[in-house]
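Enquirer: Chain E is already provided as a structure; the job is to place chains H, P and S on it using the hints.
There are 4 protein chains.
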Amino acid sequence: MSQSFRQRLWAILEVARPGDHVSRGFDIVLLSLIVLNILAVILDSVPSINRRVGPALNAFEWFSVAVFSAEYLLRLWSAPADPRFAQPIRGRLRFMVTPLALIDLIAVLPAYLPLFGLDLRFVRALRLLRIFRAAKLARYISALRLFGDVIREKREELILTTCVFGLMLLITSCLMYFAENEAQPEAFSSIPAAMWWSVVTLTTVGYGDIHPVTSLGRLLASFSAILGIGFFALPTAILGSGFIEEVEKRKKHHIRTCPYCGREISR
Amino acid sequence: MSQSFRQRLWAILEVARPGDHVSRGFDIVLLSLIVLNILAVILDSVPSINRRVGPALNAFEWFSVAVFSAEYLLRLWSAPADPRFAQPIRGRLRFMVTPLALIDLIAVLPAYLPLFGLDLRFVRALRLLRIFRAAKLARYISALRLFGDVIREKREELILTTCVFGLMLLITSCLMYFAENEAQPEAFSSIPAAMWWSVVTLTTVGYGDIHPVTSLGRLLASFSAILGIGFFALPTAILGSGFIEEVEKRKKHHIRTCPYCGREISR
Amino acid sequence: MSQSFRQRLWAILEVARPGDHVSRGFDIVLLSLIVLNILAVILDSVPSINRRVGPALNAFEWFSVAVFSAEYLLRLWSAPADPRFAQPIRGRLRFMVTPLALIDLIAVLPAYLPLFGLDLRFVRALRLLRIFRAAKLARYISALRLFGDVIREKREELILTTCVFGLMLLITSCLMYFAENEAQPEAFSSIPAAMWWSVVTLTTVGYGDIHPVTSLGRLLASFSAILGIGFFALPTAILGSGFIEEVEKRKKHHIRTCPYCGREISR
Amino acid sequence: MSQSFRQRLWAILEVARPGDHVSRGFDIVLLSLIVLNILAVILDSVPSINRRVGPALNAFEWFSVAVFSAEYLLRLWSAPADPRFAQPIRGRLRFMVTPLALIDLIAVLPAYLPLFGLDLRFVRALRLLRIFRAAKLARYISALRLFGDVIREKREELILTTCVFGLMLLITSCLMYFAENEAQPEAFSSIPAAMWWSVVTLTTVGYGDIHPVTSLGRLLASFSAILGIGFFALPTAILGSGFIEEVEKRKKHHIRTCPYCGREISR
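Protein chains in written order, with the numbering used here: chain E, 1 to 267; chain H, 1 to 267; chain P, 1 to 267; chain S, 1 to 267.
Looking at chain E on its own, in the form it has when it is part of the complex (with noise of 0.2 angstroms):
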């Protein structure tokens, strides 16, 4: 009996079948709390906010915690309703070093540590992890799946465009240096300084806040911004491609994506 509760909460704690009432509540109240979450941590960051409300938050942060560690003792004792993680030791074992194991680990981890005794410094920063239990979500949005695909499918021209994006960085950088440094020894100082520029020019994003003065500098700098437009043909061409071939083969195959409740769909 105590084996049939506990596959009736693994199935509760699972993202819910079709019909399955008691788990779908399960599910909204979850994803209610990881998107309070979210904005608890964007909004604990405003300082006007943080001032007013911030014990409202941080006791919001304990609940959170609190409500995260069950969810993930309660899914640890209920691995073995899986059949997958069969064994009472191991299959709890290969259950908590799976993605979405390791992800609720991580969601509620960081809050214990400053038990432990750490400077605080350290502690703004794991209060800032927080923010990572936005991965939880990923349970949820299975089809986060497709943009996985698609990445692992172009996984080689992916790398190979990184490869070039990396001489490219590397080379216009160097030059730039060697053109500016002179006139401009701030803003471009060293090479490395010099990179920071290449990104932000050969991205087309272009702050502003370093840009060429010099007749060969501006020279090199057209050169690098026309690359830099080529550049942008490879990730669309790539990406774009793989998005649509990975789309056109779920609806071949009859999965569809419900994008509210994350499911995949068989017509």
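Errors might be hidden in some of the hints.
[Unchecked claim] Computed footprint of chain S on chain E; a stretch qualifies when at least three of its residues, placed anywhere within it, have a C-beta under 8 angstroms from a C-beta of chain S:
1. 156 to 169
2. 186 to 192
3. 204 to 212
4. 222 to 229
5. 232 to 245
Calculated directly from the structure, the hints in this document are not laboratory data. Heads up, the beta-carbon is just placed ideally off N, CA and C, and yes, glycines get one too.
Expert: Chains H, P and S alone, transformed into the frame defined by chain E:
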């Protein structure tokens, strides 16, 4: 006979059928009035022009409201001439909630609100609402349907892309807040402020009002900017392919949309 | 015999046929003169260069005008050698209104206007018109036809896209004017000023001379910038696919355009 | 026997064949040395690092030059082991003018030039030339051939696009010079200065160091920026489609390029 007059009026008010010169003339007059209204709003906002021709623009506004009000009432009166809105009361109510009828109502209603005594600041905002009279153009530019169809067709993919963009925004802004808050407590004062930076960078707009100054911040910003380029690929692939598909489909079904009169033309 | 001389002259003036070395030589001389004219306009605008070699540039200008005038008159005289312009009067008139002949006329005419006494400021503007001599290159770079064909083929879609861009511009600039006018009465002084911001943002150029500072303004600007990315997708899809289609079509019909001499080459 | 030693040496110096562990080891050592050289150039340019570890970087430079020189001489000596460079003198000369051998020479030659007495400023520039040692990577990243092939395949279209970009640059910069020169004689001082603005705008980088302030200038700039978006479409279409075609072709011919070792792998 009143019925036949009503039907004639309805035909004139609707977009003209080929050969109906009276209705065509009415369409041109109304179209011109809408375009002049848009121009009036724009000119009204320029202080130097407002000072000189303010009263004339005001008079034109009241004239426009009168014409648009008459147009709306005539449409409402003659609506039962259309089989879809056949019954005198229920038909007219059903007509009133169609999108185009609602747009016509919103185009005139704000002009009457000040009559009921409202504070001036709110009135100023209401004046600006006049710009939504541009939406009245939707009746005539039925080519806009093409865009609507593309967006409807690619609904799921666009929602997915928006979700992914939201996550990227969240993660990059949290990391940048952590990296830059200490060095620039003014610019990166909070996560929402960092979000503004994130949007400006991920879309490669790059105003340069906020930009990272620390090495860690610049490294993170570089990755964000490159991610931004990758992200460009998705709407380009989704909307681009959707647009081409839709145009092909229309060409295949011998449907052409005249870009001038906004009509669909069968070949 | 005069007729055969006229035909020979016409053949020389026109783009050379393969093997006609005299005509080829004339083409190269004229092309060089056009390119030198463009360089002269550019150098003329640099104050330091203008001060040193101004008189030489002036002399070169008069030499060019003389050559281009002679070229135009000879073309006009020999035009009836072409069957399209066979009649002495009507044929020449018909020749005069062809685009290439009009370009040739515009290339020399402004140089004669100061002779009729005009104020200096206008003369300065006329001098700049010389840059349109670059249009004379159109005769030689017939590959430009490819672009013309793509734009003609995709006329409707481009008009549609321009309309949608116009509506986006109108709506985003009105909203931003409303959101930012009070906080930055200088920068967002009127809707036309806000339109400048809109163009800079929707095209993702982002100079940073005008940018929102209020929370509402930044929120609206974020949506505008994301819309801007979406808008990128449309010309990319339209022009990109049109360009590829046109190149395919030409390859299929064994038409190749030499990028150097601008000729279409049949295989 | 010397011949067989020469052949073994040639095999080791060349990129390793599968199973040749000695040659593989040599490749890894050389690759690491190249990467360390790149890092050294970058670190050398940072003043704070240069002050601390300058002598060590200098020593590493001389060590690298020694190794690369030895590598070049050994390659030259063992070249006749390759059937392509069979003859002792003519074969070696033919080897010396291959692109990879020239790169190897350029990688070491500048280091020897200061020995012949040159002024210091020139030496500083020569030091920077070391960055071109990165080109030695070309031997190992044969995947770069994919990019070379795409560019070669689409040569004509890219030349055409560059011509059109040049014309757009010319026309927009002349118009802007005319529109803004009077209002901003400093920023738009000459047509070449306006060209810098044009490049920054047409590529949508938008640093904001030069931007129009007059109404006419802003109108022209708006059209330029929109043209810039249209121009984006062309390299995206050309390079993107070329890249996808080339990848397809390689997949069809069972050619895969390992992104790590840079080898083409037949399946």
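Enquirer: Three or more residues of the region 156 to 169 of chain E near chain S by CB distance under 8 angstroms?
Expert: Holds: 7 residues of the region 156 to 169 of chain E have a Cβ under 8 angstroms from chain S.
Enquirer: Check, residue by residue, whether the region 232 to 245 of chain E contains three or more positions whose beta-carbon lies closer than 8 angstroms to a beta-carbon of chain S, and give the verdict.
Expert: Coverage by chain S holds for the region 232 to 245 of chain E (8 residues, Cβ < 8 angstroms).
Enquirer: Do three or more residues from the region 222 to 229 of chain E put their C-beta atoms closer than 8 angstroms to C-beta atoms of chain S?
Expert: holds (count 5)
Enquirer: Count the residues of the region 204 to 212 of chain E with a beta-carbon closer than 8 angstroms to any beta-carbon of chain S: does the count reach three?
Expert: As far as the region 204 to 212 of chain E goes, the hint holds, because 6 residues have Cβ atoms under 8 angstroms from chain S.
Enquirer: Are there three or more residues in the region 186 to 192 of chain E whose C-beta lies closer than 8 angstroms to some C-beta of chain S?
Expert: Three-residue rule met by the region 186 to 192 of chain E, so holds; n is 4.
Figure legend: structure checked against the earlier numbered hints; every hint is met.
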